[in-house]
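With the hints as extra help, turn the sequences into a complete structure.
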Amino acid sequence: METSAPTAETSVWSKEDRKASRKANAKLHRKEYGWAAAFMAAPVIGWVVFLLFPMAFSIYASFTNWNGIGNMTFIGLDNYTRLLQDQYFWKALYNTVFYMIGIPIGLALSLLLALALSRKIRGRTFFRTVYYIPVISSLAAIAILWQWAYNGDFGLVNQALALVGIEGPNWLADPVWAKPAIIIMTVWKGLGYSMLLYLAAVQAVPRSLYEAAALDGANGWKRFTKITWPMVRPVTFFLVVTNIIGGSMIFTEINIMTSTGGPSFSTASLVWYVWNQAFRNLSMGYATAMALVLGILVLIVTAIQFRMNAKNDFSID
Amino acid sequence: MSLNSNTATAASGALANAGEPDRIDDNPAPKLKRSGLFKKSGATQESPLVNMVLTVVLSLGAIVMAAPLVWMVSTSLKTKDAVYSLPPQWIPDPWMWDTYARVFDDTYVLSGIKNSLIVAVTVTVVGTVFSSLAAFALAKMRLPGKNAIFIMLLSGMMVPFPTLMIPQFVLFSKLGWVDTLLPLIVPVILGNVIMIFFLRQYLHNVPDSLVEAAKIDGASYWKIFWTMIFPLIRPAVAAQFILWFMAVWNDYLAPIIYLNSPEKQTLQVVIANMNVQYATQRDYPLIMGASVVSVIPILIVFLIFQRQIIESIALTGSKT
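Those sequence lines, one after another, are chains U and Z. Residue 19 in the numbering used here sits at position 19 of the first sequence; the count goes up by one each step and never skips. Counting the second sequence from 1 gives a position; the numbering used here is that position plus 1000.
Watch out, some of these pointers could steer you wrong.
Here are the simulated DSBU-like pairs of lysine-lysine, each with C-alpha atoms no more than 35 Å apart in a straight line [stated by the list, open to error]:
hint : chain 1 : residue 1 : chain 2 : residue 2
1    : U       : K189      : U       : K120
2    : U       : K31       : Z       : K1223
3    : Z       : K1174     : Z       : K1114
4    : Z       : K1223     : U       : K19
5    : U       : K222      : U       : K189
6    : U       : K15       : Z       : K1114
7    : Z       : K1215     : U       : K23
Pairwise CB distance ranges (calculated) [as the list claims (entries may be wrong)]:
hint : chain 1 : residue 1 : chain 2 : residue 2 : range
8    : Z       : A1279     : U       : A38       : 48 to 56 Å
9    : Z       : N1147     : U       : A310      : 18 to 26 Å
10   : U       : D86       : Z       : A1101     : 47 to 55 Å
11   : Z       : A1101     : U       : T260      : 30 to 38 Å
12   : Z       : I1118     : U       : I296      : 31 to 39 Å
13   : Z       : M1158     : U       : A204      : 21 to 29 Å
14   : U       : A41       : Z       : K1114     : 30 to 38 Å
15   : U       : V49       : Z       : D1105     : 35 to 43 Å
16   : U       : A41       : Z       : M1158     : 18 to 26 Å
17   : Z       : L1299     : U       : L77       : 46 to 54 Å
18   : Z       : K1114     : U       : A303      : 36 to 44 Å
19   : Z       : D1081     : U       : G76       : 57 to 65 Å
20   : Z       : S1047     : U       : P180      : 34 to 42 Å
21   : Z       : V1276     : U       : Y94       : 25 to 33 Å
None of these hints come from the bench; they were simulated from the model. Here a beta-carbon is modelled for each residue, glycine too, at the ideal position from N, C-alpha and C.
So this is what it looks like as structure tokens:
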């Protein structure tokens, strides 16, 4: 698109010709180049100042002992070796990964919901709206609400469980139940979003496929595994990638519902621990090292997923 | 997404698409029944029995989804003591409308709303202009290396905010911006990569010849953007704008890093702090009232623009 007239003939041209034409192009389009550069300037400046520069600074800071205000003393890899021996870091990493159990649960539920809502069911717009409302509600408000709902004595959750004769635990104060409590809340909050994406994908499946399958005598399960599931795979991929990236940054609900990292550190996530080290303990150097490790982990996991999905014809354009 | 934007069919299709949601813009009342997602429905034959069972299951699910929110509203209208009554009260007795007067008079909720609005409106309005200009340049203008620039910008999506928050904090504390709203505005106002990505994608469906023709007529790029491109991409802009606004409005991590004085905090930080402060006083109605207040504005925006929001989210999936 950016090359002008001589696209087809380029191959027969000599090197000098091409150079000359590029120069002519540059002259011809100088004004356009200028405008294009000006139009892109803001995000590019933002990228350099608020992404590239902080990243470079982070890498340097991660090799220093630094409280954020005073001098930065270079200590080599000490922060990284400390991190390897820091049981709280490992616990926070474990907790963060543990929360991701909610991802397959949420995706399965939302696909089922989407399949149900793609049928001619009365009131489906109403259902869609109700399932979607938690998505748009602010996470802070939702976390506050659920913290109260998980109250062992007066909370809504245990009241509901009592109706079916189950005596619920004191969720957020119980090292065993605190993480499942947070998973249930995140699934509840995110369900509507995945449901909408799946709904659009399910409805985009050509009906002729199902009709052909029905003629061949395929049953409902076969039609699901052989048609629906492969057809919605790009959405599943998108959701898995974005949920893992989002899940690796889980913070708000942890900090609001369990402001000390939970009973015996059972809810602290990586970002919560980084934030705590940086802004409560002022060990900025160490926190930076952990934040970088987090960034690299996310990058690796995302890269692996794209690799595994390569067969799926994914492309940016 | 394939890129055969030169064929006449694709171009006219894109223009028809671009025009259609526009009509909705002029008439913001949500048309629930006709929502685009449901135009093609279901399989050919559906068993009424299965549909009935599904309706029951969906209703139970809807109760689970709605109950906590209904409970939040109900708790906010109870007396302090009624919160602890067993079995729980669903309908407050007596109704304590006074809670909401207290929310606005005795707490920082009002200044929180003001601060959140300042941040969210400035960031999204100015940022949308920057993002759409960049998307236009990236999709339709000539500049050597522009694809490299695009990939570079996209790479920013891979870096999680927690990795950047410490150096950004240091940068802004050096500038003396801690405890102001500037650190929440400045880094994000320069453009939103996700928005650039989707607008650029959307612009690929607009034929290049349109831009070329305008150029031949002697229009400047600035003019081409405002009179031709922006009206064309307006539906896509609107959808992305709303999603971005909700994200900024609901943000919590960046505000708690920078804002210390209660009167400077954004709404999410205000209610989170109230949660700590008033829980010790067992004033749950007040906490829930503040939470309701923080959810309501976005809920109203959602109900008004439901169709655009839902379609833009559906689009998110199909564009990947």
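Query raised in the report: Which of the numbered hints are not met once you compare them with the structure shown?
Result: 6
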